[in-house]
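J.: Here are the chains, one letter per residue:
4 protein chains.
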Amino acid sequence: MSATTIRTRLRGIIPACVTPMTAGDELDHVGLAANLRAWSETDLSGFLLLGSTGEVVMLSEFEQALVLEVGRRAIPAGKLLLAGCGQQSTRGTIVACQNAARAGADAVLVMPHFYFKGAMTPAVLADHFRAVADGSPLPVLLYSVPQFTGVPLPPETVARLAEHPNIVGIKDSAGDARVLDLTRRLTPPDFRILTGAVHLVLPALGAGMADGAILAAANVAWEPALAVEAAMRRGELAAARTAHRRLMEVSDVVGRYGIGGWKAGLQARGLVGGLPRPPLPQADEQARAQIAAVLATAELDPVRR
Amino acid sequence: MSATTIRTRLRGIIPACVTPMTAGDELDHVGLAANLRAWSETDLSGFLLLGSTGEVVMLSEFEQALVLEVGRRAIPAGKLLLAGCGQQSTRGTIVACQNAARAGADAVLVMPHFYFKGAMTPAVLADHFRAVADGSPLPVLLYSVPQFTGVPLPPETVARLAEHPNIVGIKDSAGDARVLDLTRRLTPPDFRILTGAVHLVLPALGAGMADGAILAAANVAWEPALAVEAAMRRGELAAARTAHRRLMEVSDVVGRYGIGGWKAGLQARGLVGGLPRPPLPQADEQARAQIAAVLATAELDPVRR
Amino acid sequence: MSATTIRTRLRGIIPACVTPMTAGDELDHVGLAANLRAWSETDLSGFLLLGSTGEVVMLSEFEQALVLEVGRRAIPAGKLLLAGCGQQSTRGTIVACQNAARAGADAVLVMPHFYFKGAMTPAVLADHFRAVADGSPLPVLLYSVPQFTGVPLPPETVARLAEHPNIVGIKDSAGDARVLDLTRRLTPPDFRILTGAVHLVLPALGAGMADGAILAAANVAWEPALAVEAAMRRGELAAARTAHRRLMEVSDVVGRYGIGGWKAGLQARGLVGGLPRPPLPQADEQARAQIAAVLATAELDPVRR
Amino acid sequence: MSATTIRTRLRGIIPACVTPMTAGDELDHVGLAANLRAWSETDLSGFLLLGSTGEVVMLSEFEQALVLEVGRRAIPAGKLLLAGCGQQSTRGTIVACQNAARAGADAVLVMPHFYFKGAMTPAVLADHFRAVADGSPLPVLLYSVPQFTGVPLPPETVARLAEHPNIVGIKDSAGDARVLDLTRRLTPPDFRILTGAVHLVLPALGAGMADGAILAAANVAWEPALAVEAAMRRGELAAARTAHRRLMEVSDVVGRYGIGGWKAGLQARGLVGGLPRPPLPQADEQARAQIAAVLATAELDPVRR
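Protein chains in written order, with my numbering: chain A, 124 to 428; chain B, 124 to 428; chain C, 124 to 428; chain D, 124 to 428.
A couple of the hints might just be wrong.
Any copy, or any two copies together, can satisfy a pair, since identical chains are not distinguished.
[Unchecked claim] Lysine to any residue pairs mimicking SDA-like chemistry, simulated, CA-CA at most 25 Å apart: (1) K202 / A254; (2) K240 / A362; (3) K240 / A410; (4) K240 / V376; (5) K202 / A249; (6) K240 / R301; (7) K240 / E372; (8) K240 / R195; (9) K202 / A419; (10) K202 / N222; (11) K202 / L167; (12) K240 / V274; (13) K240 / D375; (14) K240 / L423; (15) K240 / G273; (16) K202 / V153; (17) K202 / R392; (18) K240 / Q413; (19) K202 / E149; (20) K240 / F271; (21) K202 / G135; (22) K240 / R411; (23) K240 / E149; (24) K240 / G298; (25) K240 / E192; (26) K240 / A297; (27) K202 / R214; (28) K240 / T145; (29) K202 / T131; (30) K202 / R132.
Just so you know, these hints were derived from the structure itself, not from any lab.
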């Protein structure tokens, strides 16, 4: 998909998909495919595989390849497949982008190098992302998630990178409206800004600070997320606020348990969650009860497959 | 003013007023009164004196009393006078609230103790604020400004304090939409949430997360701040976004220089700025030129007095 | 006392004295004098009044003056009286230094402005401290306590300030050996470095990174602190390590309860502790029991007065 | 090597070896072997391969295996080979430990999972390290490096892990003497504490808080590091302070440029440095000149091979 086409289609709600694991800690690629087929019957715009929520840092190179192969076959042509490709080295990141292209992804999501965070000056970051964008056969989305990486992407740096023809947007999971606002004001209108922070979907769409969202919460609560986005598109503030509350109430409870929580929530909705890979903790009995309760309150019943 | 009345009137845009100083580093109370009279001819809902932007931490006890006396005489009855009263000790804070009442303020703004920040557990914070609210003759607004204090006010704690009949709202300058959203969802509808973060005025009003704003930027750029608020009240998203851009462009430039910047901006608008008290740095020549330029671009001309 | 004399005498162990309060939250100046007289019979080199541990941020201007007056009369001529004089404004700090001189203090301890921490660039900090040193009738000790102020004093800035004839040393409570080491290497040998971190007394004296210590722990456990210092002066590493363990075991337990803990410990040692000023929490029953137990284990019995 | 033997031998100075890369960004395993042979003629106790300084996060699985194979052949039997084996998942970490055992390493160094740092409670961390220690054929050294991981290892957790028969010590690169002191006081005397912070070698050996050191600085400046350690072993404080200054002066300058600096320094000493892998920046001309100058001042000439 060309950089121009992807700029047109990067809108709406996209789940940052979990990667199901079996009780024996093996990749459950059959379960992943089943989830993708179920989600594909909704208005979700596409899917992010190998993101943070997809536990990419837990997967071997072989497992990462398998996720993309299985994902591509399960996702219909009308929906986007985004692939997380950030590695610590520039050369490793480019190899991952090439692998994603071979697997048929539509675009890649690239986080900064973050281990030696002190060395990541704006100039070093910019050189890294430009080298990746030059080497990647697929359009690149920057990925800012300082709560995990400790490396913020300053809006001024993002603005400079937005001039690269193969850098089409950003997933901003920093969750800081100030950063989102400044990024919006410093970048051209066709630079796609997708928030990764569930609490910002409504306010950022209202203020024109974002074009869409890539959300862990959309694994489990895609209906209210889609409802917020649709209401804001129609300018219906009151309806959007109601859907926002429903989305937030689910997200507050399930998100408290991290990936173990999203996986338990997915299971509760009749899809395939499985367990997080250790040392990430599982949702225990009490967590599962709370998750079931909040899903019931929000009328998010098990889907029929 | 009763707690009920104040809840009704705490809306709209309120500047966190600077305290002008002469070139000899003396309090310019005449200049302060002139500013208040000029601002009172606009739609601003009221004024915060002795806030952070008012350099309260730089003022002696005598100077603090003088600011309130002069302010009360300059502010018309139809506008609110809020007084910053946070001190490090509980007893000192209550004394400040009593002084503010004697001076004729309408409500007080109380920040947490913050020097021994490690000791400020939610329980200790709650006890402190409850003791202050019990002892204060005036309704209390909590004041959260962790960028200065290092002490965040967790929404759960705020929600518990909102049950106190004399605690009527919060000025949230943390600038974190997640915190604002959670505070809104955990507190009753008549608990007044005023954002102190200029970038959040539009998104927070849109999402229903705030009822108004107390802004340093409103010292200098009250027109676009009032325009954002008015447009959002009427549900005019496009007009609000235009005013927001104008407000942010001014705020980005002037705010870069801190209190020295707001004072220079005030001077450029024909009001009385004066200098910040050392060690706070003044806006230098280059800063003043940038400030003049951005005010010209935003068509914020000197007011006639 | 001249800057030269003070440089000679700033060595050894100095307690950062607590300020006793009565049950009615009034300053107990009689108790303070009693403590100072008891401590003066030991090898302590001097006393810091109006430091962080002295709750200076909780005291009114009148109370601060009273502490210095009472302190000066209780402290014998052979012991140093250091006065905490850091205020948020440059002019307020100079006034405090002048007051300390009138009260008969030997030197002042000055922390940086810290409320608007973002404005405190190295250049602004240096200008502030130089203005204070120019205006202070007494020799100045810099005071670095970033855990409370959020404003570190970079060793390079300290080195430049060490060139001022009226800046004689630093109390470094940051507790970071890297900072201490660099400060030592960048400053002249007669610049006095006193650590405020109890765990660093032994290692910093051993490595030549400090000349002495100003310690909250010395309110309660002056004997082991003096023993560490004396052993290191004689090069007796094994004896120093034994005293260090004893000092640390007391400090770990008592320090866990902050100023409430030091005051309870003082009471347990037969001196006058009283209560911390709210919102600082008191040591509760359980805390007092733990404190009594650790003092017993360390054989720190009540002193006879 | 048994856990008991390794406890005896984990002392002295161990470099955290850099991994040389060619100008084409390929692993220079021949250069690595040459360095190891040169260093093996000194009093260094052993070598850490695949540590942070070894750019392990930049290396593919194949490259990691090659480093261990080549390293084992170059290191004489009398010197320890420690292998960095921390991966994000528990199962990946155990696999790395098994690979290290097959390659002939003597012990492994394991950092915590750190991507989802919020989930790493003390209990989760302890379970992870225990599972790794159970599964590892080699004795385990914990590795604390919060400046890179954002996950501190609390001394209380370390103390509990020290009870595991296959966990023999810790490399503490946090550089916080308070943590080192508490770790020492909470663990048994045969638990080996190696500091990874160059400024702490002298003070920590003096205070008995460490048994030795694993240092990036020892790639380039092994002589003064060995001199500090030898002097402290003999109780010669003055000689240790002199060597410490020499070590720190080199470390301050070279370390400013990170891994690019250590590699340039290695080259200047006649060993094989090569370049860091992008996006890590190279030492530029100016940096190389500064590095050459400080090595000359410290009389650290090129070694003859």
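J.: Compare the structure with each hint and give your call.
T.: Comparing the hints with the structure gives:
1. K202 / A254: neither (28 Å within a copy, 41 Å between copies)
2. K240 / A362: neither (42 Å within a copy, 36 Å between copies)
3. K240 / A410: between (34 Å within a copy, 20 Å between copies)
4. K240 / V376: between (32 Å within a copy, 19 Å between copies)
5. K202 / A249: Result: close neither inside a copy nor across copies, 30 Å intra and 42 Å inter.
6. K240 / R301: Answer is both; intra-copy 22 Å and inter-copy 20 Å each pass.
7. K240 / E372: The answer is between: 24 Å across copies meets 25 Å, while 34 Å in one copy does not.
8. K240 / R195: Answer is neither: 33 Å inside a copy and 31 Å across each miss the 25 Å cutoff.
9. K202 / A419: neither (29 Å within a copy, 47 Å between copies)
10. K202 / N222: The answer is within: 20 Å in one copy meets 25 Å, while 41 Å across copies does not.
11. K202 / L167: within (8 Å within a copy, 49 Å between copies)
12. K240 / V274: both (6 Å within a copy, 14 Å between copies)
13. K240 / D375: between (30 Å within a copy, 19 Å between copies)
14. K240 / L423: Answer is neither; intra-copy 41 Å and inter-copy 30 Å both fail.
15. K240 / G273: both (7 Å within a copy, 11 Å between copies)
16. K202 / V153: within (19 Å within a copy, 49 Å between copies)
17. K202 / R392: within (22 Å within a copy, 53 Å between copies)
18. K240 / Q413: between (37 Å within a copy, 23 Å between copies)
19. K202 / E149: neither (27 Å within a copy, 39 Å between copies)
20. K240 / F271: Both: 12 Å inside a copy, 7 Å across copies.
21. K202 / G135: within (11 Å within a copy, 44 Å between copies)
22. K240 / R411: between (36 Å within a copy, 22 Å between copies)
23. K240 / E149: between (32 Å within a copy, 23 Å between copies)
24. K240 / G298: both (20 Å within a copy, 17 Å between copies)
25. K240 / E192: neither (32 Å within a copy, 29 Å between copies)
26. K240 / A297: both (16 Å within a copy, 15 Å between copies)
27. K202 / R214: neither (29 Å within a copy, 34 Å between copies)
28. K240 / T145: For K240 and T145, the Cα distance is within 25 Å only across copies (23 Å; inside one copy 34 Å).
29. K202 / T131: Classified as within: same-chain Cα gap 13 Å, cross-chain 49 Å, threshold 25 Å.
30. K202 / R132: within (9 Å within a copy, 49 Å between copies)
Checked against the numbered hints given earlier, this structure breaks hints 1, 2, 5, 8, 9, 14, 19, 25, 27; the rest are met.
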